[in-house]
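Asker: Following the hints, put chain B in place on chain C, whose structure we already have.
Read off the chains here:
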Amino acid sequence: MYGWCGRILYVDLSRRKISKKPLPKDLISRFIGGRGVNAKLLWDLSKPGTDPLSPENPLIVGTGPLTGTIVPLTGRTTVTTKSPATGLYLKSSMGGHFAGELKFAGYDHIIILGKSEKPVTLWINDENVEILDASHLWGKDVRETTRILKKDLGDRDIRIAAIGPAGENMVKFASIMNSIYNACARAGTGAVMGSKNLKAIAVRGTGSIKVKNPDKLWSLVFEIAEKLKSRPFTYGTSHLIAEFNEKHILPSYNFTKGSIEGGYKISGKYFAEAGYLRRKHGCFSCIIGCHLYNVVEKGPYAGYAVGPEYETAFALGSNTGIADTEILLKANELCNIYGLDTISTGVTIAWAMESYERGVLTKEDTNGLDLKFGNGEAMIKAIRMIAFREGKLGNLLAEGVKRASKKVGKDSYKWAICNSKGLENSGVDTRTWSSRALTYSVNSRGPDHLFHEIWPTPELAKEITGVEITTLPPPPWADAKIAKWYGDHFAVTDALGICKFSGETMYTNAKAMSELYSAVTGVEISPEDLLLIGTRIYNLERCYNVREGFTRELDDLPWRFMHESISWKVKSANTLPYPIVAKGGVNSPEDLKKAQDEFYKLQGWRLDNGWPRRETLVKLGLEDIAEDLEKIGKL
Amino acid sequence: MKKVLIVDYEKCNGCTYCMLVCSMKHEDYVQRSKSRIKVYKYEEEALGLPMLCEQCDEPPCVEACPSNAISKDPKLGIVSVNQDACNGCGVCVNVCPYYGVRIDPETGKALICDLCGGDPLCAKLCTIREAIMWVEATPSTLERKRKLAEARINELKRILEVS
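So the protein lines, in turn, are chains C and B.
Each residue of the first sequence is one higher than the one before, counting from 1039 in the working numbering.
Each residue of the second sequence is one higher than the one before, counting from 279 in the working numbering.
Excised from the complex, chain C in its bound form (with noise of 0.2 Å):
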């Protein structure tokens, strides 16, 4: 085959059997590989009802048919499960180095199912593939972790996906980290690595990647590789912390306000500044490497790691009222070694925060830690109790805010940054980014940017709506239409295996795709029909929610968003991308739902429960979906 391996590694852990099956020809031409196949996978291989955390969930790993070819930007790794934090669809994907190392080693996917009894390490070494004992590695940290793995088994090449202590312990924000520093983040993949007993997957492939057309991919490579020039990362998306501050965009404690004093300590250029960046760091195949890698040389909060990223700064700065670099560089070094998701850590700390501050906790709940907006000494130890579920303060957090305000009542859910399907939400504030509002309220995982990262200029805008957006926010119709267009390219993106970093290059470019896809794999396909596939995947992937007991009103956002208006004031309001302040300076549910019916009926979705019409599922081809969910009654 031509780009894809043509193979998946199926692991049982509870049989310790290891086989490896032929990728299905139907599987890949209608979902492609990484998110896409991952979905139908999971649907195909779990029943309804799975709790996220038994053997019977699987955990699927994969990668897409362009990684481990010369298009660049291609490390992706996708890993798919239901989510222990939301009891709903999960896809998190990953840069670092393991989707390219998997590939060569002869696999698209790994399926894993089952549970060790002890834990284990799965060693997959080109066809040699071993289930070894890990049980001098649990305990440890992920670099640790992955210090010892390399040394036992004799090869630094080797490439490691691995938990810390927070999967081991099945936080419900665990990650599961590969090189290190990169993380497949959100909602629980690390949890559910943890429930199975998995304590790493090591890979070594030295196999070979074919592609059907090398001449025209080196013609599309060179250009590629042109207009990435072009592209700002000199300081990573951290970056974005000043300016978005600046704007009064940049949430911070826990969402109450939009900017905080000093700010510019915690971006991505102050630690280029004031001399902690060292260098930056590369994804597999990634000729930009947008991470960076600071340096603490000393002092009490000494260490390394790569990172943080906005996102980072944002929950473990902005957002808890800490403006301090060697803080954040630790806290960002903590998770990223215990294995825990940075976004939900963060949120989930500024709500004990605020609830602290109100008295709803006191410090008999928070292990005698004065646990105030800004008190960094304070932060630092709540991320190490809620790795290792300690003490009654790290078992409430470790839980996720809103199991978290469920259990310590007292309204504090008004607080818990989170929406109805349970997670984290992710660092824009929608009240003054309003064009995000339905897309987070919308995305199968939670309320992140992670299924439509929107930027549209105003000329994209026009390309995608077909008219002029002279109001904003825009008119709900627009809404829909721009985060439809978005939903469709990150599928295809994620499909592919490209980072969404490669911007218009690729990720928006779906004709650049269509190309590149045909001229690695041979397969002629339009960039409407891939754009098709994207559509395919993302009402898949929402039908596995229905399945799995979803109805509209898991479709929300935070209550504060919805309820109370932002105190402050935006600098530059209402220019596209952004800011764009909410009417009222709230989402509330009026408008969120108008936008919603907007985005429901273009998708062919019943407005009374959001569930997609059999006919939206026949015309996408999704037709063995819709008779499994006649079978239980919701279609």
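Some clues are possibly wrong.
In silico DSS-like cross-links for lysine-lysine, where the CA-CA straight-line distance does not exceed 25 Å [stated by the list, open to error]: (1) LYS1307/C with LYS1609/C; (2) LYS1267/C with LYS281/B; (3) LYS289/B with LYS1307/C; (4) LYS1248/C with LYS402/B.
These stretches of chain C come out as covered by chain B in the derived footprint (C-beta under 8 Å, 3 or more residues) [as the list claims (entries may be wrong)]: (5) 1180-1190; (6) 1234-1246; (7) 1378-1391; (8) 1662-1670.
Derived by calculation from the structure, the hints in this document are not laboratory data.
Bear in mind the structure is a predicted one, so any value in this text is a computation, not a measurement.
For each residue, glycine too, the CB sits at the ideal point set by N, CA and C.
Answerer: Then chain B, alone, in the frame of chain C:
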């Protein structure tokens, strides 16, 4: 004017893209063991060290090859391996001070950077980071090349020790 490759590891982000490009260029498919360049990675410190032939003035590999299979073109500076003559003994791998030679595991023959015949694609496609540059050979660039190669080899020895 003659040109030389300069590799600045401080700019390298360890993405290994050059290895993919190198094998694709020479084999029409991607297989890293066929690449003439190898990036040694030390993930803890996000370090990448691209190691390849430095086109020495008096290449020790040429000198040491018992089969006289390696030669250097004085005009372009390209070191090349006569595939028919090479017996895969690996002496060149051992004498190269820059970790710039590898044995192809399939053919058993030595792999040495051929500068893509005078237009090295690794440099051409590392245009954003500029960790690999293809520059005119002037006294100052040659001096820079020497210094960077020395720094890189020292760093490699350090990471081979710690990892």
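Asker: State for each hint whether it applies.
Answerer: Tested hints:
1. LYS1307/C with LYS1609/C: holds, 21 Å
2. LYS1267/C with LYS281/B: holds, 23 Å
3. LYS289/B with LYS1307/C: Cα-Cα ~17 Å, so holds.
4. LYS1248/C with LYS402/B: holds, 22 Å
5. 1180-1190: Result for this restraint: holds, n = 4.
6. 1234-1246: holds (count 3)
7. 1378-1391: n = 0 at 8 Å, threshold three: violated.
8. 1662-1670: Answer violated; 0 residues pass the 8 Å Cβ test.
Comparing the model with each numbered hint stated earlier shows that hints 7, 8 do not hold.
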